[in-house]
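**Student:** Start from the sequences, fold in the hints, and give me the full structure.
Chains as they are written, first to last, in the numbering used here: chain U, 1 to 343; chain L, 1 to 131.
Hints in this document: simulated from the structure, not taken from any laboratory. Just so it is clear, the structure is predicted and the values come from calculations on it, not from any experiment. You may find that some hints are simply not true.
[Claimed, not checked] 25 Å max Cα-Cα, derived SDA-like pairs, lysine to any residue:
1) L:Lys89 <-> U:Glu48
2) U:Lys144 <-> L:Glu69
3) U:Lys144 <-> L:Asp124
4) L:Lys89 <-> U:Thr47
5) U:Lys235 <-> L:Asp124
6) U:Lys135 <-> L:Met94
[What the hints assert, rightly or not] To give a feel for the contact side, a few chain U residues facing chain L, derived at Cβ under 10 Å:
7) Leu217
8) Gln231
9) Arg234
[To be verified] These stretches of chain L come out as covered by chain U in the derived footprint (C-beta under 8 Å, 3 or more residues):
10) 91 to 101
11) 106 to 114
Glycine included, C-beta positions come from ideal geometry on N, C-alpha and C.
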Amino acid sequence: MKSSTLSDSILLRVPTLLRSGCVLLCLLLFLLPAACRQSDPPPLQRTELLMGTVVEITLLQSGPKAEAALRDAFAEMRRIEQLMSPQLPTSDLARLAAVPRGAEVSAETLALLRRSIELNHLSGGAFDPTLGRVKRLWDIEGDKPHVATAAELRKALRQCGVDKLRIEGNRVIKLAPKLEIDFGGIAKGYAVDRAGAVLRRAGIRHASINAGGDLLLIGDRRGRPWRIGVQDPRKPGAVLAVIAAADEAVVTSGDYERFFEVDGVRYHHLFDPATGRPSRRSRSVTVVASDAATADALATAAFILGPEAGSRLLRQQGVEGILIGADGTPLVTPGLKDRVTWR
Amino acid sequence: MALKALWRRMTPLDRMLLCGLLGFALLLCVLVFRLPGGSRLVVERDDRIIYRAPLDRDRRMRLAGPLGETLAVIENGTVRVLASPCRHKVCIGMGRISRSGEWLACVPNHLLLRIEGGRSSAEDGYDLISR
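**Tutor:** Now the structure itself:
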């Protein structure tokens, strides 16, 4: 009897209870999406103009520790830029270019130079860090790009070649007075690697560093591989293929990023060290390797060599890649075939 | 049974209120989960945001940088650079952007144009692009 009275009393107050209940229910439903979204922490992302390109670092975690790591990673890339950009007069490379005999450089620049010379030998000379004079002659990234003449190229090529360099202690000796080292095919990748090392040291487990398309992936993308679109070399903004990648670097060299055209002929920035002219064997090469510096240099070398010789070089070095020939035909290294989806 | 009893004891106004609130809450859930947020252009210079604009209205923008003015346009939900005082015009050659996370940059003029919100490249099957 007592229980029935209580039940009746509650039922009499139903309209009031319902109104309050409805409001509470709706509040819960409002909060539900936010609660669900917070189960996956929002990525922490920052973009800066650095090393002549756009650098974007994305950490798939947030919080003060991640923010500090992000700041440190950018600071590390700025430090590398100060050290190795030939455009900055105080950089090691600019100082070395300005003197006829040679100069002391930092241990870090020296180590990258040694690695560049090693990659030059491994690629049969296709990757050449001494093409500064040739690049200056074409001025593709300068005020007045122009088609270099055969005589100009002969003269410039006399000031190029790793055989005209000697390393003594911390000193780089130039055997050609106007030789200019250009790390254009490796420095960006190296800076990306250094930023990656900073993030890993800070305990970051899932992140991406994108320096104008030179990518380093730390870990996977929260339980699945990163899906890396490969730029179609003839359709701006279009993706040719998607590579599944995790904890590795993906770097592309293509003839479509920096170029000028004269009478319908495209003159791009990837020069064949044998001729001093833009290489005509490829449209683009994408390399997947464990580090971005190696991927960067090998992408350049494989581009110069062309798809057949380029893919042999990639296999010899134990890295994978997609090589697009001058006629647009793609060639994929065997180890990458199962990881590529064509679009 | 209890729900039926409650429903019977509710006034018509209570019932309308309940249905309305439930419907609104469900709609909100659908909107939050399914629909992308409004796309907008964000322009940065030297790490500072200097301009924001939604992509749903066409407009022309004169963006000041150290070299001079870069002219960009929003048209049909896409952004492109029309004119720039920089040497190589790489920013013009980058074409159009329309998806969240895509960007155009004029490095010499210290300008970065990127899109936030709306459809992202992830919906097109990739997270990042190597070029």
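**Student:** For every hint, state whether the structure bears it out.
**Tutor:** Quick rundown of the hints versus the structure:
1. L:Lys89 <-> U:Glu48: Holds - the C-alpha atoms of Glu48 (chain U) and Lys89 (chain L) are around 19 Å apart, at most 25 Å.
2. U:Lys144 <-> L:Glu69: holds, 21 Å
3. U:Lys144 <-> L:Asp124: violated, 39 Å
4. L:Lys89 <-> U:Thr47: holds, 21 Å
5. U:Lys235 <-> L:Asp124: Roughly 16 Å between the alpha carbons, so the hint for Lys235 (chain U) and Asp124 (chain L) holds.
6. U:Lys135 <-> L:Met94: The given pair, whose Cα atoms are some 22 Å apart, holds under the 25 Å limit.
7. Leu217: Interface hint status for Leu217 (chain U): holds (8 Å vs cutoff 10 Å).
8. Gln231: holds, 4 Å
9. Arg234: The hint is violated - Arg234 (chain U) has no Cβ within 10 Å of chain L, the shortest such distance being about 12 Å.
10. 91 to 101: Held - the segment 91 to 101 of chain L has 5 residues with a Cβ nearer than 8 Å to chain U, which meets the minimum of three.
11. 106 to 114: Holds, because 4 residues of the segment 106 to 114 of chain L bring their Cβ atoms closer than 8 Å to Cβ atoms of chain U.
The earlier numbered hints that this structure contradicts are 3 and 9.
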